[in-house]
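In order, the protein sequence lines correspond to chains A and B. The end of the first sequence is residue 130 by the numbering used here, with every number in the run present. The end of the second sequence is residue 1159 by the numbering used here, with every number in the run present.
Calculated directly from the structure, the hints in this document are not laboratory data. Do not rely on the hints blindly, as some may be mistaken.
Cross-link-like lysine-lysine pairs, in silico, DSS-like; alpha carbons within 30 Å at most [stated by the list, open to error]:
#1 A/Lys99 with B/Lys1133
#2 A/Lys99 with A/Lys54
#3 B/Lys1133 with A/Lys96
#4 A/Lys54 with A/Lys96
#5 A/Lys54 with B/Lys1133
#6 B/Lys1099 with B/Lys1133
With the Cβ distance kept under 8 Å, some of the chain B side facing chain A (calculated, not the full set) [as the list claims (entries may be wrong)]:
#7 Cys1048
#8 Ser1078
#9 Ala1136
#10 His1142
#11 Glu1146
All C-beta atoms, glycine included, are put in the ideal place defined by N, C-alpha and C.
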Amino acid sequence: MSTRSFLGALCIAWPCLTAAAATPAELLAGYSAAAGAPASAARGQQFFQATHGKEWSCASCHGTAPVQPGRHAATGKTIAALAPAADARRVSDPAKVEKWFRRNCNDVLGRECTPAEKADVLSWLMGLQP
Amino acid sequence: MRRGSTRGRCIVAALLTALVGTTAAHADEHRARRVPPPPEYTQECGACHLAYPAWLLPATSWQRVMDSLARHYGTDASLDAAQAQRLSAWLQANAATGKRAVPPPEDRITRAAWFQREHDEVPAATWALPAVKSRAQCAACHTQAEQGDFSERHIRLPR
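Full structure from sequences and hints, please.
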């Protein structure tokens, strides 16, 4: 299932208002289904903390332990903690999650992330406790 | 004597004109400060850096910035087209006039002549502090920058 059809499916399942809410588990289920394989938190952690041929990793801005706030690698601006257990606003809006994966994967990998990569990262983030 | 008093009046008139001009520019700035940016501007642009007040860059600079969001000073800051259009229109409408009307190099606020002049007393060691990190981080010293207030009484240099 592509990401687009996954988001479409979410909209059918829940009334699509201006900002459709979803739980992290729902988002993870969608990405795992699109990947066609279960997510791996260990793979997600490795992916998040490694560089991928460019200057930055995900951790460059979000920190290696994203239960704490991060700091933008270029501007120094504080970035709220990414783990849903540390900040309930995180991983709750499918469109926002997609927007940031699109931009940040482009910065870190020079391409979009695959549904499997997104599922792995979400799976790791959801297991983190502050 | 007569010539002198005419010249005196001319000087007074010139001073008054200059004063009124300056006051008008300040009034513009203060008005701009009082108009808060749209929430989506603060949310979208303020995620990675201070949601810079529109009056810090001229309209032509904002146009170029908004036309190249996918390559935004080394990062992908792309928005969907409708949202980019809305924010761009707001930035154009509230862009800098007067002494800040000249597009700075690379459309960077921090490279504008007025910026460099107004920060020439900041020691290099202060710029290099971890709490500052980048010249883009106005709020490191301008404690009310998030509210669009850069006045001197709200400056606290970190140590």
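Satisfaction of hint between A/Lys96 and B/Lys1133, Cα-Cα up to 30 Å: 28 Å, holds
Hint consistency between B/Lys1099 and B/Lys1133 [alpha-carbon to alpha-carbon, up to 30 Å]: Holds, at about 27 Å.
Status of the B/Ser1078 interface restraint (C-beta, 8 Å, chain A): Holds. Min distance 6 Å.
When the least beta-carbon distance from B/His1142 to chain A is tested against 8 Å, hint result: 14 Å, violated
Pairwise hint evaluation, B/Lys1133 against A/Lys54, where the allowed Cα distance is 30 Å at most: Within the cut-off at roughly 21 Å; holds.
Restraint outcome when B/Glu1146 is required to lie within 8 Å of chain A by C-beta distance: 11 Å, violated
Agreement of hint B/Ala1136 with chain A interface, Cβ distance less than 8 Å: 5 Å, holds
Straight-line alpha-carbon gap A/Lys99 to A/Lys54, limit 30 Å: 20 Å, holds
Given pair status - A/Lys96, A/Lys54, alpha carbons within 30 Å: Given pair A/Lys54, A/Lys96 holds - Cα atoms ~24 Å apart, limit 30 Å.
Satisfaction of hint between B/Lys1133 and A/Lys99, Cα-Cα up to 30 Å: 27 Å, holds
Hint check: 8 Å Cβ-Cβ cutoff, B/Cys1048 to chain A: 5 Å, holds
Violated hints for the displayed structure, listed by number in ascending order: 10, 11.
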